[in-house]
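Here's the letter readout for the chains.
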Amino acid sequence: MGIRSIVATTAGRAVHAVLHGLLHRAGSQLPGRVALAIDPQVVAHLRHKARAGSVVVCGTNGKTTTTNVIAAALEATGQHVLCNREGANMLPGVASALLPGHTADWAVIEADELSCIHILPQLQPTYLVLLNLFRDQLDRSGEIDHVQDIIVQALAASPTTTLLVCGDDPLCMGVAERAQAAGTTVLAFGIDEDLGLPGDRVPEARFCQRCGTELSYAYRSYAQLGAFRCPSCGFARPKLDYRATHVRLEHAGVAFDLACDETKAWRVSVGDGGVYLVYNLLASAALALRAGVEPTTFQQTLDGYDPGNGRLQHLVVDGRPVVLNLAKNPTGLNQNIALMLADNRPKAVHIIINDEANDGHDVSWLWDVDFERLAGRSDVRIVTAGGLRANDLQVRLKYAGITAPIATQVSDALAQADALPAEDPLYVLTNYSALWPTKAELEQRSRQDG
Amino acid sequence: MGNGRALQILHLYPELLNLYGDSGNILVLRKRLEWRRLGCTVREVHMGERASLTDIDLVFIGGGSDREQRIVCDELQRQRSELAAFVEDGGVLLAVCGGYQLLGHSYLMGNEEVRGLSLVDLYTDRGSPRLIGNVVVGSRIAPQPIVGYENHGGRTHLGAGVEPLGRVLFGHGNDGESGQEGCLYRNVVGTYVHGPLLPKNPGVADWLISRALERRGDASELEPLDDTEELAANGAMCKRLL
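Protein chains in written order, with our numbering: chain A, 1 to 450; chain B, 451 to 692.
Looking at chain B on its own, in the form it has when it is part of the complex (with noise of 0.2 Å):
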C-alpha cells in the first residue's frame, strides 16, 4: 500500500446505467491503483439503497436508457443534498452520456422537462438529429487528446462560471455548435464521451486519481505506467480523425 488506505469509488446504480459499457471505467481506475500499489474498493449503490458519501474519494454516474435515466434521477433527488456537499467539497465525480445530464438543472426526456440535480450550473434541451459518431477533445486534463463516442439527442448549455471539458476537435460535443464538449466544476468531469472513457484516455482516468489523493491530503504525484496500449489506441483514433 502507498501512502495511505485504498481509495474509495462509488459506482451508482451500475444495474441500471450501464448502456455502452460504463463498467470500464470502473475496471481501469482499479487496474490503474493497484499497478501503483494504491489499492482501492469499489462500492456499488442499488436502487433502494442510499448512497453513503463519507469516506467517498470518487463518484461514477455511467449511461442509461432514458427509462432508467429517469428512475435514476428520481433516486437522486433525495441525495441531492449529500451529493451537492460532495461536490462543494472538492469530492471527484465522473458523470458520461445520460450521467452527464443529471448533474445539470433540467434535461428533457420526450417533450416533459425533467428536473436534474443542480450540481453544476449547466442544463440540457433537445435538438435534432441526434449526435452520433466519434468524437475527440482537447482538454487541459489530459496530455493526449481525449478520443471516444457519442451519441446523445440533448444539447447541453452551460452557465457563465463553468468551464467545458475541452474544445472539440472532431465530432459534436455538448451542442453541436458551440465547439464545446462536456464540463469541469471543481473536480467534477461530466461529458458525451459515453461508456469506455477512461480506457482510451489514460490521461483523464489518472487526473481524476490525482485529485482524489490530493483531496483526502495524499501526494497526487502518480508513479508513471506503461501505457504504450492505451496511447496506441488513442494515437490510432487521433490520426484516423484529424
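Next comes chain A alone, as it looks inside the complex (with noise of 0.2 Å):
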C-alpha cells in the first residue's frame, strides 16, 4: 500500500471514528468519500485485506438480504467479514466497508447495478452474485439494455471473476452469455420445477437476447424468471449448477431442497417471504457453500437471522402484528401482493410512495402493478395511501377498483386499522426513502407498546 493510500485510509478511518463515536451517527457513506477524494484508487489498495476472498451482490431487487445472508453465514464460521450491510452500495460505501480494520477473511459487499462498473475494477472479487434484473428508476439508470451494458464490461475488467447467475432469468443469461464469451467463468442457479403461480403481468423480456424471438416458458416462477427458451435460435435457461427443488411455499415460510453436483441436496427453510426469497436464499446457499460454509451451519444462520432491516420485518404496535417491507418497483409490489394474499388472515395495507432521489422521482411505474388483485378481496380490508405521490397511488388504485383514503403518517394508518381487531395485521410496504423513516416509527411504537 502506497503513502497516498495510507494517508487514505487513515483519515477515512478518522471521519467514521469522528461519525460513529462522538455523533453516534452511522455515516455509512461519508468515510469512504473521504479516502476516495485523497486515493481514487482506495478500494483496490484496501482489497488486499479480505484474505480468503470477496463477493459482490448485484441485481434489482433482494441485493440486501442477500448480502446479509451470505455475511451472516461466513461470520458463523468464525471468519471476519468486511460487509456494507446497511446498504451503501456505490463505491463510497464500498470504500467505507472495506476501511475498518487491519485484516478480514471475506468482504461481502452489495452494489448498485450502474455502480459496479466502478467496484468491479478495483475490487477484482472472487464471485459476482447477479440475481435478477427488472425495470427501476428508469430516470436513474436507464433502460436495461444499458444496465446489461454496464454489468457486461466491469466483468471484462475483472477478469478473474467468477459469475453466479439466476439462469432462470433471460435478462440476467443474456449478460451471463455475452460475459461467458469474453472468458468469465458461469455458475448458474435456479428454481428447477414448476411452481404453479399465477403469471405476474410485468412484461420485461418476453423477447429472446439474442434474436428477438418471444420466448416460450415451460414454466415460469415470477415475473419472467422460469424455464425459457427461444423457439428459433436456442438461447435457452442453461443447466442449473445449483438446484433447488421440492420447494414449499406457505405463509408460514419458505423451504427447499438445494442440490449441485458436489454434495447431495440438502433443505434450506426460513419462516419467512416468497419465491422471491427462495432465489435470494438458493444464491446465498450456493454461494456459501462455495465459500466453505457447511450446510448445516448455513440454516443454523438462517434459523436465528432476523436482520431488523425493513425487509419483511415484524413487529408488535398497539397489540397488533406489523409487517414491514421494503417495495421499490413493479415486481418487488407484485411480489408483497402474492405475499400478502398468501397470507388469509383478515389485513389492513398500507403503501407509501415517494419520489425522493434515490426513489426515482418518476412515479408512472405504479401503472405496471398488479393492484387489480387486492380489489374484491373480503381479506384485503383497509387499504390506505401514503408518501409523497399518496396522491398518484390513491388514483392507481381507484382505477383497480379500490377506495383508499390517504394516511400522511404511518400513525394515521394504524389509526385506520384500528377498524380491524388487534389481532389482524398491518401490512406497511413502502419504496426507498420511505424505508428508514417509516422503521424507527414503527420500532418506537412497538417499543413502548413492549
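Please note that a few of the clues may not be correct.
Stated by the list, open to error - Heads up, simulated DMTMM-like pairs for lysine to aspartate or glutamate below, C-alpha to C-alpha not over 25 Å straight-line:
hint	chain 1	residue 1	chain 2	residue 2
1	B	K689	A	D355
2	B	K481	B	E664
3	B	K689	B	D676
4	A	K264	A	D194
5	B	K689	B	D677
6	A	K264	A	D192
7	B	K689	B	E627
8	A	K239	A	E193
9	B	K481	A	D370
10	B	K689	A	D412
11	B	K689	A	E356
12	B	K481	A	E372
13	A	K49	A	D112
14	B	K481	B	D676
15	A	K49	A	D105
No wet-lab data here; the hints were simulated from the structure. Because the structure is a prediction, the values reported are computed rather than measured.
Join the two chains into one complex using the hints; note that each chain is given alone, in its own frame.
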C-alpha cells in the first residue's frame, strides 16, 4: 500500500471514528468519500485485506438480504467479514465498508447495478452474484439494455471473477452469455420445478436476448424468471449448477432442497417470505457452499437470522402484528401483493410511495403493478395510501377498483387499522426513502408497546 | 349502453411499447367509458398482425426503448396509408413519448435517421442532455394543466400548420427552448408526457372520448364523473411545481 492509500485509509477511519463515536451516526458513505477523495484507487488497495476472497452481490431486487445472509453465514464459521450491511452500495459505501480493521477473511459487498463498473475493476472480487434484472428507476438507471452493458463491461474489467447468475432470468443470462464469451467463468442457479404460480403481468424480457423472437416457457416462477427457451435460436435456461427442488411456499415460510454436483441435496428453510426469497436464499446458499460453509452452519444462520432492516420485518404495535417490507418497483410490489394474499387473515395494507432521488422521481411504474389482485378480496379490509406521491397511488388504486384513503403519517395508517380486531395484521409497504423513517417510527411505537 | 355501440379502442403493440406504465392510459379510457355506461372494446395489435382501422374510434401508441421503437416503426410503415387516412378522417389518436416521435417525418436513433410515419408535419432530432423530469403544460383541451413526467433525448420541431398540445409551464417540452409541448393536429394528440398521461389528466381523457363520439355522430357531451382523486393528484403536482 502506497503512502497515498495509507493517508486515505487513515483519514477515512478518522471520519468514521468521529461520526460513529462522537456523533453516534452510522455515516456509511462519508468515510469512503473522504478516502476516495485522497486516493481514488483506495478500494483497489484495500481489497487485499480480505484474505480468503470477496463477493459482490448485484441485481434489482434482493441485494441487501442476499448480502447480509452471505455475510452472516461466513461469520457463523468464525471468519471476519467486511460488509456494507446498511446498503450503501456505490463506490463510497464500498470504500467505507473496507476501511475498518487491518485484516479480514472475506469482503461481502452489495453493489448498485450501475456502480459495478466502478467497483469491480478495483475490487476484483472472487464472485459476482447476479440475482435478477427488473425495470427500476428508469430516470436514473436508464433502460435495462444499458444496465446489462454496464455489468458486462464491469466483468470484462475483472477477468478472474466467477459469475454466479440466476439461470432462470433471461435478462441475467443475456449478461452471462456475453461475459462467458469474453472469458468469464459462469455458474447458474435456479428453481428446477414448476411451482404452479399465477403469472405476473410485468412484461419484461418477453423476447429473446439473442434474436428477438418471443420466448416460450415450460413454467415461470415469477415475473420473467422461469424455464425459458427461444423457439428459433436455442437461447435457453442453462444447465443449473445449483438447483432448488421440492420447493414449499407457505405463509409460515419457504423451504427447498438445494442440489448441486458436489453434494447431495440439503434442505434450506426460513420462516418468512415468498418465491423471491427462495431465489435470494438459493444464491446465498450456493455462494456459502462454495466459500466452505457447511450446510448445517448455513441453516443455523437462517434459524437465528433477524436482520431488522425493514425487509419483511415483523413488529407488534398496539398489540397488532405489523409487517414492514421494502417494495420499490413493479416486480417488488407484485411479489409483496402475492405474499399478502398468501396470508388469509383479514388485513389492512398501507402503501407508501415517495419520489426522492433514491426512489426515482418518476412514479409512472405504479401503473405496471397488479393492484387489481387486491381488489374484491374479502380479506383485504383496508387499504391506505401514503408518501409524497400518495395522490398518485390513490388514483392508481381507484382505477384498480380500490377506495384508499390517504394516510399522511404511519400513525394515521395505524389509526385506520384500528377498525380491525388487534390480531389482524397491518402490512406496511414502502419504497426506498420512506423505509428508514417508517421503520424508526414503527420500532419506537413497538417499544412503547413492549 | 348510452347512445350506440361500445367505443372501439386500438392499442398498438402493447408488448413492445410499454416502457413507463403506458397501459394506464387504456385502463383510464376503459373505466371512464364504463362508469358512463358507454362501454368499450380494446383490441391489441401484436407484432406480425395487421391493424384494421375499420370501425376503430381511438388509437393508442405508447413508448418503448430505442430498439423496440425501431421494430414498431418498421412494422407500422407497411400500414402507413391506412393510419394516414384514419387521421385525415378525424380519427382520434393518442401517442406518447416514443410513439409521439413516430408520428413525424423522421427521428434519430443514435446518428441514424429513421423515417417516421409522416402522419403529422413534425420531425425529431437529438440534443444533449436528455430532458428528464416533471412537466406541467397548459393546454386548451383540458381545464386543468396537464401534469406528468418526461424523459427524452429527442428534440421535436413542429411544422408551420401544427399547433402544440400546449405551453410548457414547468419542465422542458418538445425541445427545451420553444416553450412548446406536444402536438395537436386534427384529433391527434402527441406528447412527451410519457406513460400514464391520462390518470392525472382526466380532462385530456374526456377530450379524446368526446372527439371519438363526435366523429361517429354521437352526442359528445359527457356525463360528469366524480374526479376528486384525479384532480387532487393533478393539483398536488401543480402546487408543488408552479
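Hint check, failures only:
none
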